[in-house]
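Number of protein chains: 2
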Amino acid sequence: MQPLDFSAACPIPIRDYPHVLLAHGGGGKLMHRLIGEMFVPAFRNDLLEAQHDSSVFELAGQRLAFTTDSYVVRPLFFPGGDVGSLAVHGTVNDLAMSGARPLYLSAGFIIEEGLPMDTLWRIVSSMQRAAASAGVQIITGDTKVVDKGKGDGLFINTSGIGVVEHSLTIAPRSVRPGDAILVNGDLGRHGMAIMAVREGLEFESTIESDSAPVSGLVSELLRAGVEIHCLRDLTRGGLTSVLNEISEAASLTLSVEETLIPVREDVRGACEILGLDPLQVACEGRFAAFVPERDADRALAVLAAHPLGAGACRIGKVMEQASARVLLKSAMGVQRILDMASGEQLPRIC
Amino acid sequence: MQPLDFSAACPIPIRDYPHVLLAHGGGGKLMHRLIGEMFVPAFRNDLLEAQHDSSVFELAGQRLAFTTDSYVVRPLFFPGGDVGSLAVHGTVNDLAMSGARPLYLSAGFIIEEGLPMDTLWRIVSSMQRAAASAGVQIITGDTKVVDKGKGDGLFINTSGIGVVEHSLTIAPRSVRPGDAILVNGDLGRHGMAIMAVREGLEFESTIESDSAPVSGLVSELLRAGVEIHCLRDLTRGGLTSVLNEISEAASLTLSVEETLIPVREDVRGACEILGLDPLQVACEGRFAAFVPERDADRALAVLAAHPLGAGACRIGKVMEQASARVLLKSAMGVQRILDMASGEQLPRIC
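If you read the sequences in order, they're chains H and Z.
Per our numbering, the first sequence starts with residue 61, numbered consecutively.
Per our numbering, the second sequence starts with residue 61, numbered consecutively.
Isolated chain H, as found in the complex (with noise of 0.2 Å):
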């Protein structure tokens, strides 16, 4: 029907994988896969290739970082946030990550026909409490609307950008041997919270998601001078799977230690009962950062007194040999590889 000259076969063995599978969007080895063998070589172009949480881009002499998330998270609303705020804190990290100081947001609704309209202002007002908080303003928008049966309440999509005011290049390509590997906080709440929601689990306290806004903790890692490497949210596949891209994309070993890491009690049992590794939970207010070691300490101490820090630490280093693979040491002392998840260990977290 359609003058369609797409010649070149499907990049993924239509064999193995004949449709899209949930896995496919969860953050482990499917998702990278689709993305690097289908989507990066079919729109080839330098920024594209870089894969990072932002696309950095210079323009009239000045550095521009360009990013885009959907959030299809279920439910709307979770202990710590919603999807609206998830939206907005998702994207505005996602330029923090390339060191950019985020300005502004666009916000695409793709809203399931029959959405009580009290839950959709709940979300708006929910999405500009947290743009303000973070300083950046949704400038553009864009509302569709689909049948019902045809989506799943709402999706939100919010692209942003931002301004990169130093002269680093805050990428996986900076990160060195000898590099410490730090965190902001204790990891896994956002997913936690989540499948706590989904699987009914009640717990003495409940646990909320760790979703916020980290620009402000970058610009003062930038204030001090502390000449940052790379940085990653640990969004999607969870620590596991940041340190795994990072450490393909720099070519380099990357070590840390289990007892280092730090996990919420009520975190890790209830990834206990539902058999799930806290190492590959999301987070969605937390992220790696890889600094030279002369920088550690300060470092670690400007993120500990901001209050989205306070529970920051040094998780590992950056190791000497130049093979892309992640070594975890365990409480008892034994490194074993630490292998990114196949497929969809959480999905719809974000």
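Treat the hints loosely; a few may be bogus.
The list makes no distinction among identical chains, and a pair is therefore deemed to hold if it is satisfied within one copy or across any two copies.
What the hints assert, rightly or not - The calculated DSS-like cross-link candidates involving lysine-lysine, where the alpha carbons are at most 25 Å apart (straight line), are:
id	residue 1	residue 2
1	Lys89	Lys210
2	Lys208	Lys89
3	Lys389	Lys89
4	Lys377	Lys210
5	Lys89	Lys377
6	Lys389	Lys377
7	Lys389	Lys210
In short, the hints are calculated from the structure, not lab data.
Got chain H; can you put chain Z on it based on the hints?
Same frame as chain H, but now just chain Z:
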């Protein structure tokens, strides 16, 4: 469960509209009310309040345009295009309507679990061809997968960044009494191409969508020194919505003549069968241009010299009256008010 302080009441009266309707995404009065009464006041800022196709802001002495659109067209493939090419053309055109040269796009995919992998590949390939021919790069992206039955094959969001390389303010507020109103070709083909497929209508020849990137046409107008006052692409709600939007934003009366508005016979016939008004049907490669009368003939000559403007013509003018309304003079010479449709004429056309 969650610390919401949405103390302000929902600005859309819940009594009248307890739920979001398909019509809230249809480009007519209900959508404008949702945007104007909920989104714009909630996200209040000057850039959003301009309510143009893109938001234009200045950074480091350079004016930039930023826009977003989600594409939920059904079916995914239609004569003359698919959701992928549409997602590129639509966002490129929104940038062009602010007089910006489109540079970079983002691509956010929301895939329904079970989408055939080669369908995704066909669409991705089509996006790439459309981007290449429009001279833009897709530099950042996101992939989400939702459970089977919670989406509809594929939704794509594209956001775009462009650069404004002239000193004009191309926006509704620049429209002046006496301006000529031009269009770059016949109307309604995109919407009717899709409706013909959906309704199984058969004609002697297939109606093909007019989906195309019009940024080249805009740059030709600028190069020729045409003092463009306003541009608006004729998407959801068609010419009728666009004229009403501009009239309202400029607080001026617009007058157009039915006999001057180009609609192909097959499109007119399909509209008659389905009981649709071709002036309310979406195009995806057509726009209205408001230019000073002294530049009108030159603008028409520039448009007509371009393959995508071969059918360019003048359809009316801006009147002296400072009241927001659109007058349509019929073939019989009778003048009536051309009012915006309230609801959803053509759901999920883009």
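The hints, checked one at a time:
1. In the homo-oligomer, the alpha carbons of Lys89 and Lys210 lie at most 25 Å apart only across protomers (23 Å), although the nearest pairing inside one protomer, at 28 Å, exceeds that limit.
2. Within a single copy, Lys208 and Lys89 get their C-alpha atoms only as close as 33 Å, which misses the 25 Å cut-off; across copies the closest is 21 Å, which meets it.
3. In this assembly of identical chains, the alpha carbons of Lys389 and Lys89 lie at most 25 Å apart only when taken from the same copy (22 Å versus 61 Å across copies).
4. For a Cα distance limit of 25 Å, the shortest separation of Lys377 from Lys210 qualifies neither inside one copy, at 46 Å, nor across copies, at 42 Å.
5. Proximity of Lys89 to Lys377 under the C-alpha cut-off of 25 Å is restricted to the intra-copy arrangement: shortest distance 23 Å within a copy versus 58 Å between copies.
6. In this homomeric assembly, Lys389 and Lys377 come within 25 Å of each other (Cα to Cα) only inside a single copy, at 12 Å, whereas the closest approach across copies is 74 Å.
7. Taking CA atoms no more than 25 Å apart as the test, Lys389 paired with Lys210 passes in neither setting, with 46 Å inside one copy and 41 Å between copies.
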